[in-house]
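Use the sequences and the hints to build the structure in full.
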Amino acid sequence: MVNDQEHAEVQRTQSTWSTLNALALHLANLGTGRKTMLLVSEQADPMLRRRGLEALPTSSSVMRTANRANVAIYVLDPLDAAARAAAPDEGPNLLSVLADDTDGARFRAIRLARPARASTRGLRRMVADASAYYLLTYRSARHTDGMFHAVDVSGEDQGRAAAGAEGILGADAR
Numbered sequence: 000m001v002n003d004q005e006h007a008e009v010q011r012t013q014s015t016w017s018t019l020n021a022l023a024l025h026l027a028n029l030g031t032g033r034k035t036m037l038l039v040s041e042q043a044d045p046m047l048r049r050r051g052l053e054a055l056p057t058s059s060s061v062m063r064t065a066n067r068a069n070v071a072i073y074v075l076d077p078l079d080a081a082a083r084a085a086a087p088d089e090g091p092n093l094l095s096v097l098a099d100d101t102d103g104a105r106f107r108a109i110r111l112a113r114p115a116r117a118s119t120r121g122l123r124r125m126v127a128d129a130s131a132y133y134l135l136t137y138r139s140a141r142h143t144d145g146m147f148h149a150v151d152v153s154g155e156d157q158g159r160a161a162a163g164a165e166g167i168l169g170a171d172a173r
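In numbering that gives the first Met the number 0, the protein residues as written are 0 to 173.
It is worth saying that the hints were derived from the structure and are not from the lab.
Since we're looking at a predicted model, the values are computed, not measured.
A virtual CB, placed ideally from N, CA and C, is assigned to each residue, including glycine.
Once the Cα atoms are required to be at most 25 Å apart in a straight line, the calculated SDA-like pairs of lysine to any residue come out as:
1) K34 with S60
2) K34 with F106
3) K34 with L55
Label pairs and their computed distance ranges (CB to CB):
4) E8 with L78: 17 to 27 Å
5) R11 with V126: 22 to 32 Å
6) D144 with D99: 22 to 32 Å
7) S95 with V152: 14 to 24 Å
8) A131 with S17: 30 to 40 Å
9) A27 with V152: 15 to 25 Å
Here's what the structure looks like:
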C-alpha cells in the first residue's frame with residue numbers, strides 16, 4: 000500500500016518528465032534551428048515503470064525527444080556548494096545526464112554577495128552556445144543495425160570548440 004506522500008512524489012516525478020517532454024515537443028514545432036531549454040532544479044528522480052504507466056515519458060524518452068527536436072537542455076542547480084555538500088549523495092543525477100546527452104550543460108548556483116549575479120558564467124555559456132551553433136547531420140547507408148556507432152567531429156579553427164554527440168544510433172533495419 001502506498002502512502003499519500005509516496006503517491007504525491009510519484010505524481011510529482013511523472014509531472015516533471017511529462018512537462019519536459021511536452022515542452023521539447025512544442026519546441027520541435029518552432030522550426031529547424033537549435034533550441035535551448037533552461038531547467039532550474041536540484042534533482043530529478045527516475046520514473047519507475049509500473050503497470051498502466053508504460054506510455055508515460057521517462058528521462059530516456061525526454062532525452063530522445065529533445066535530441067530529435069534539436070533542443071539543448073541546460074540545468075541550473077540552485078543549491079550552493081555548502082548546501083550541496085550537506086545533502087545526501089543520491090548517486091548519478093539524471094539532470095546531469097539529460098544535459099550532457101542533449102549537448103546542454105549543468106551548472107550550479109554560486110553564492111555571492113549579490114545573488115542576482117549567481118551562475119552568470121553558466122548562463123553566459125548557454126547564451127553563447129545558442130548564439131553560434133552549426134548543425135552537422137550524418138545519414139549512413141551502411142549502419143542499419145540499430146546499434147550505436149561512435150562519431151568523432153573535429154575542426155581546425157583555433158579558438159573554437161567542437162562539441163556534439165559521441166555517436167549515432169543506426170536505424171533499425173526492420
